[in-house]
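Asks: This is what each chain is made of:
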Amino acid sequence: MSTKKEEDFDTRLSGDENANAQGGESKTKWYKRLRKGITTSTADKKETPEGLWSKCPECNYICTTTELRENLYVCPKCNYHHRIGSDDYFDILFDNGEYTALYDEITSKDFLGFTDLKPYQKRLDEIHSKTDLKDSMRVAAGTANGKALVVACMDFEFIGGSLGSVMGEKFSRAVDYCLEHRLPYLVISKSGGARMMESAFSLMQLAKTSGKLALLSDAGLPYISLLTDPTFGGISASFGMLGDLNIAEPGALIGFAGPRVIKETIKKDLPPGFQRSEFLLEHGFLDFIADRKSLKDKLSQLIELLQH
Amino acid sequence: MPQYPNRQFLDFEQPIRELYEQIEENKRLAEKNSKVDYKSIIQQLEDAIIEKRKEITERLTPWQRVQLSRHPDRPYTLKYIDKMSTNFVELHGDRNVKDDKAMVGGFASLDGQTVMFIGQQKGINTKARQMRNFGMANPEGYRKALRLMKLAEKFGKPVVTLIDTPGAYPGLEAEERGQGEAIAKNIYEMVRLKVPIICCIIGEGASGGALGIGVGDKILMMENTWYTVISPESCSSILWRSWDKKEVAAEQLRLTAKDMKGFGLIDEIVPEPIGGAHWDYSEAASILKSHILRSLEELKQIPAEQRMNYRIDKFSKMGFWNEEPEAVGQTEKA
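As given, the protein sequences belong to chains A and B, one line each in that order. Numbered by the numbering used here, the letters in the first sequence go through residues 1 to 308 in order. Numbered by the numbering used here, the letters in the second sequence go through residues 1 to 334 in order.
A couple of the hints might just be wrong.
Unchecked claim - Heads up, simulated SDA-like pairs for lysine to any residue below, C-alpha to C-alpha not over 25 Å straight-line:
1. A:267 x B:171
2. A:118 x B:240
3. B:258 x A:284
4. A:263 x B:173
5. A:268 x B:233
6. B:101 x B:40
7. A:122 x B:134
8. B:194 x A:176
9. B:246 x A:266
10. B:317 x A:301
11. A:118 x B:248
12. A:263 x B:126
13. B:83 x B:97
14. A:263 x B:245
15. B:150 x A:215
16. A:122 x B:72
17. B:261 x B:171
18. A:267 x B:134
19. B:194 x A:179
20. B:154 x B:246
21. A:267 x B:287
22. A:122 x B:247
23. A:268 x B:98
24. B:317 x A:268
25. B:54 x B:33
26. A:267 x B:261
27. B:154 x B:113
28. A:268 x B:234
29. B:98 x A:284
30. B:150 x B:301
31. A:130 x B:241
32. A:268 x B:172
33. B:79 x B:111
34. A:130 x B:322
35. B:83 x B:317
36. B:83 x B:61
Honestly, the hints are just simulated from the structure, not real lab data. None of these values were measured; they are calculated from a predicted model.
Using the sequences provided together with the hints, build the complete structure.
Replies: What follows is the structure, given as structure tokens:
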């Protein structure tokens with residue numbers, strides 16, 4: 001894997017979509033904005049037409065978005081796995097794309113009155129008005145090749161897929177659901193780490209989720225952790241690495257500390273491929289790497305093996 | 001503990017230094033002039049120091065509290081173990097890679113009962129600080145801690161962890177050897193350890209690095225410590241995109257012992273000597289010891305199975321969220 005795509009994903013935890021573009025640098029403006037923000041009203045907004053071209057960030061291969069979607073958002077040329085959300089994963093994994101959504105009614109609350117550059121509540125309201133996502137994790141029950149399972153999947157789009165009280169609670173209730181119905185549990189991680197706006201409460205979710213996994217383990221139900229690009233911080237320091245099976249998509253960045261922090265600490269460049277799935281496999285932290293296209297078959301095969 | 005003039009003073013402790021200087025000055029004068037009685041003046045100044053120590057710690061900002069938790073004269077884990085217990089036998093190594101000097105542990109006798117002490121250790125001088133990696137453990141440190149906990153479990157001895165870390169070490173080798181996995185495993189195993197676990201934040205409680213030895217039946221925090229998901233500096237750099245907002249971040253994070261107790265995320269606040277633990281190691285240790293002994297007594301009454309269930313229950317209640325379609329009055333949970 002090339003290292004040219006260097007992303008400072010922990011700034012995504014700030015909940016600002018443009019965080020990367022701006023970086024941490026001071027933004028000295030060489031032009032003056034006359035009117036603030038996008039002035040086009042939603043009604044006048046022109047939808048981008050279907051069949052738009054998409055360029056692979058890894059190999060620059062250009063294909064249509066339709067082609068990319070049919071290929072499960074995997075570059076047909078270099079196998080680069082694009083980041084996708086829970087909707088797409090549920091579509092890929094569940095038979096006929098059918099599933100029962102669980103615990104959708106749980107949403108984040110600004111209990112601490114946390115304000116950084118923006119109040120936390122305002123951040124939440126803004127995301128809610130922009131997307132259909134309620135929080136950074138969705139839970140669903142369904143079947144994959146006829147095998148019943150519960151899937152909890154993160155959405156990176158929602159404050160960097162950050163782990164807060166809501167994710168902790170949904171995760172826990174999903175475990176309860178698995179215990180009640182005796183189902184295997186798959187968690188798809190894609191997150192920059194803990195949600196700072198919930199301070200120590202988000203830290204305690206590491207203990208909360210791990211406690212729940214202990215119950216799942218005692219019941220002899222399988223827990224599979226699928227790590228996708230990126231998975232960091234609190235996730236890898238708790239349930240992300242606690243799978244009976246830990247698997248990952250190819251080329252995903254996975255680690256405890258982010259590459260930027262490590263680089264600043266050791267004051268050296270990081271070796272190519274550092275913290276990628278292949279690196280983790282090599283160091284013994286993954287059971288295997290699964291291509292998105294073979295994911296469903298592998299999963300159902302594993303569940304079959306564990307159940308018979 | 002260091003005595004004046006070897007004491008170090010934080011910026012908000014400067015008035016205390018001035019009082020010490022006055023005492024020195026009076027002592028010098030007393031030597032020169034034996035006719036005048038300087039004793040009462042010196043006594044007054046010493047009383048003023050105690051008063052000042054009290055006054056300063058009464059109105060600390062969250063950031064100052066963070067500074068106090070990092071006070072260079074503050075006692076560290078081994079000091080507490082030494083002051084609280086007898087017969088301490090330090091045990092080394094994770095049996096896999098190496099011995100992590102940032103994490104220490106071993107059996108000791110606490111008023112006649114054997115306990116397993118585990119904690120991060122910071123250095124007391126430049127050389128030691130480097131050796132201890134500033135209290136930032138590598139994966140082998142967490143695995144050593146787990147090995148010791150399992151050892152304690154095997155022999156039915158309670159575990160006491162003393163937490164003082166600016167975080168788990170963010171290094172290249174740490175990642176190679178699975179820092180995330182090591183912490184995750186500890187959290188998971190601590191949830192179901194069969195013996196009582198008491199955790200106490202004695203200095204800095206930064207994020208996963210702290211929680212990696214921080215899951216237990218009783219969580220204590222000393223008065224001048226902090227515990228949250230990220231250090232105020234890193235939080236400032238990520239959320240405010242600048243290193244200058246650490247004071248604001250410290251306020252927003254609500255990271256003091258008082259806040260944490262208020263949220264129900266910790267069980268007890270352990271008071272410190274007037275002005276902070278760095279003013280009297282023995283007193284600090286003896287207060288901590290009494291809290292630990294009391295907790296141990298309480299926990300020993302509970303059967304192991306029940307204790308583990310309580311532990312899981314306690315953590316599973318932590319968090320706050322809205323829940324929409326439920327009946328009114330049931331919509332909020334904190």
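Asks: If a hint holds in the structure, say so; if it doesn't, say that too.
Replies: Okay, the hints, checked on the actual structure:
no., hint, verdict
1, A:267 x B:171, "10 Å, holds"
2, A:118 x B:240, "10 Å, holds"
3, B:258 x A:284, "42 Å, violated"
4, A:263 x B:173, "12 Å, holds"
5, A:268 x B:233, "22 Å, holds"
6, B:101 x B:40, "47 Å, violated"
7, A:122 x B:134, "38 Å, violated"
8, B:194 x A:176, "23 Å, holds"
9, B:246 x A:266, "23 Å, holds"
10, B:317 x A:301, "36 Å, violated"
11, A:118 x B:248, "13 Å, holds"
12, A:263 x B:126, "23 Å, holds"
13, B:83 x B:97, "31 Å, violated"
14, A:263 x B:245, "22 Å, holds"
15, B:150 x A:215, "19 Å, holds"
16, A:122 x B:72, "40 Å, violated"
17, B:261 x B:171, "33 Å, violated"
18, A:267 x B:134, "17 Å, holds"
19, B:194 x A:179, "23 Å, holds"
20, B:154 x B:246, "44 Å, violated"
21, A:267 x B:287, "42 Å, violated"
22, A:122 x B:247, "22 Å, holds"
23, A:268 x B:98, "23 Å, holds"
24, B:317 x A:268, "42 Å, violated"
25, B:54 x B:33, "33 Å, violated"
26, A:267 x B:261, "38 Å, violated"
27, B:154 x B:113, "16 Å, holds"
28, A:268 x B:234, "20 Å, holds"
29, B:98 x A:284, "18 Å, holds"
30, B:150 x B:301, "21 Å, holds"
31, A:130 x B:241, "24 Å, holds"
32, A:268 x B:172, "10 Å, holds"
33, B:79 x B:111, "17 Å, holds"
34, A:130 x B:322, "19 Å, holds"
35, B:83 x B:317, "35 Å, violated"
36, B:83 x B:61, "30 Å, violated"
When held up to the earlier numbered hints, the structure conflicts with 3, 6, 7, 10, 13, 16, 17, 20, 21, 24, 25, 26, 35 and 36 and fits the remainder.
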